[in-house]
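Note that the protein sequences, when read in sequence, are chains A and B. The numbering used here numbers the first residue of the first sequence as 606 and each following residue consecutively. The numbering used here numbers the first residue of the second sequence as 34 and each following residue consecutively.
FYI, nobody ran anything at the bench for these hints, they're computed from the structure. Accuracy of the hints is not assured; some may be wrong.
Said to hold, decoys possible - With the C-beta cut set under 10 Å, the calculated list includes, among others, these residues of chain B facing chain A: (1) 99; (2) 100; (3) 107; (4) 108; (5) 113; (6) 115; (7) 137.
Using N, Cα and C, we set each Cβ at its ideal position, and we do this for glycine too.
Residues per chain are reported as follows:
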Amino acid sequence: MTLELSRLSGQVQAMGQEMAARKQAYAERVAQAQHWLSEYAEQAGQLGQIIRESGSGAAIPTSESIDVQHLLPPIPERFTFITADGAEIQPDSHGVAFYYLINIGALVYRHGSGQTPEAYSQPAFGYTEDDTYEDGQPVTGNLLDIKRDLAEITCLADLCAAEPPDATTIAVVDGTLILWTLKDTPPEYQGDKVQAYLQQLDHIRRAGADLAACISRPRRGEVARLLYLAHVGGDIEKANADPHHPMKRLPDYAIFELLPPGARSALFVSPSQINEKYYRPDGHTVHFFYLNLAEEGQQPAIARIEVPAWVADDAGRLALVHGAIIAQARITGDYPYALVRADEMAFISSREREAFEDMVAGALVRAGVPAALSPKQYYKTLTRRGKRKFR
Amino acid sequence: MSDNKLQVGRVLRAAIQGFVAGCELKQPDIPRFGSFVRADGIAPGSAIYGLVYNVSLEDDLFARHFVGRDIDEGVIKDERNNRQVPVEVSVLSVGCGEDGAICQCLPAHPPVTLDWLYQCTDEEVRAFTARFDYFRLVLASRDVPADELLAASVLSGAAARPEHEREPFLVEAGRELARLMASDPLRLEGVLRRLQAV
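For reference, chain A alone in the conformation it holds in the complex:
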């Protein structure tokens, strides 16, 4: 072991003390935000247009009061809950070949049927030049993440299409419906990728399923920004310029820890520019609400749930998504069971990764292609396996 933990112990202790000191101030900010949530419930509702025009990054309110709480609706006896998640092996220029692997895991859970859930694991191997380069750029980092997001939603759409048309089906993706990772890419690339993603949302909608995305312990602070904006009377410039902005870095989930178990917050519209530019014209405007997944008597477990407009605008569909996610979370206690399983089905363990790398190296050797690591990777392999300490 070469990480000198003893040299970090002082800093780790200091971190603990810093967190304890911050806790009081944080609690005061949370209490302030919760107070503003009811105090500015009506004013905030009138700020939608200002936020849309300014791109302030604050949550856009809908027609309902922002402090409303929707208790757990009745949960249907029978419904199908479909989840998908993805994992990847990034291309490595130091490896034996330049390739990527995306593995999509999915689970179809039929509530009230007593049937065995259907579990899927679908790998996609990219190794041709067309696979590994897009517009001259290697498909790594965000570009591969986008491919994975597209593979996840395509998997969900395919599974939804396989359900009977009259079935009650809820499709849930782990994470977000908004392709945030595209925001720093060229507009023409952005457009193509978002359109491919939105096509899958169309497929899910046409299959008669309801769609949602679930983010556990989200760090976003869009509602907190909305509250501060309401506090300064909708003055965007003042809100943006204030260096002592008390809601800065306050995550929304802390505000909504006041939700009773099983209850959800009001609906908001995501202020993302991608949402406005691409999702909205196609009828998929992403809305979100916060939901307390915890059981009665337990600490709040707040998740951010995103839904497209065609779910958000239909009270019945919205209630179904709300109830279905809670029904799934009741299985584990505080998180949808099917999302845990989809992650498990997608996960690529370090042993599987090594086995796959060996398969690739073997295939190259059999084909008469040199299968050598870069010198850098070769020496890393030597030092990282069976590492010894000499001091």
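Since the structure of chain A is provided, determine the placement of chain B on it from the hints.
Coordinates of chain B only, in the frame set by chain A:
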């Protein structure tokens, strides 16, 4: 020799004296303690015969989470049929065969990793238990519950025979046990009681 219906699992690790196979719980016929199984030997047409002496389930943190919770039927079926928590079947080697001839001795080689493990057919069990030389291998093994395993294997042999052949078979096996365990009458009595209890 291969029959999909009789596949139990695949060999995970192996030695001359015995081996362990992994199988999924959804298999309708997890082999019983004391039942006869077969793995293919290294040489074509050869086989290694064994007795199942343990079936174990590995620990799993996710499954543990549900202990004490009111579990939905779907979760139970997902755990049992989909989540690949391996059921490990431990086997004691008690014989080997080549081109139909059976020898009740340790095999020359262990089976190979990921080879299939098969449940023996009634015909194979009858052929194997036509002799009782394997009793010595069981009694000599320190890693297995020898007395229980002997009794269970004899009962497996009896069950593979037609009704009218069972009693003579049990009597014959009892005689062989009496000969091998003559120096330990209390232990012998325990094994014979197990045979009579059926």
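Do the hints match the structure? See the list:
| no. | hint | in the structure |
| --- | --- | --- |
| 1 | 99 | holds (8 Å) |
| 2 | 100 | violated (12 Å) |
| 3 | 107 | holds (6 Å) |
| 4 | 108 | holds (6 Å) |
| 5 | 113 | holds (8 Å) |
| 6 | 115 | holds (4 Å) |
| 7 | 137 | violated (38 Å) |
Hints 2, 7 from the earlier list are contradicted by this structure; the remaining hints agree with it.
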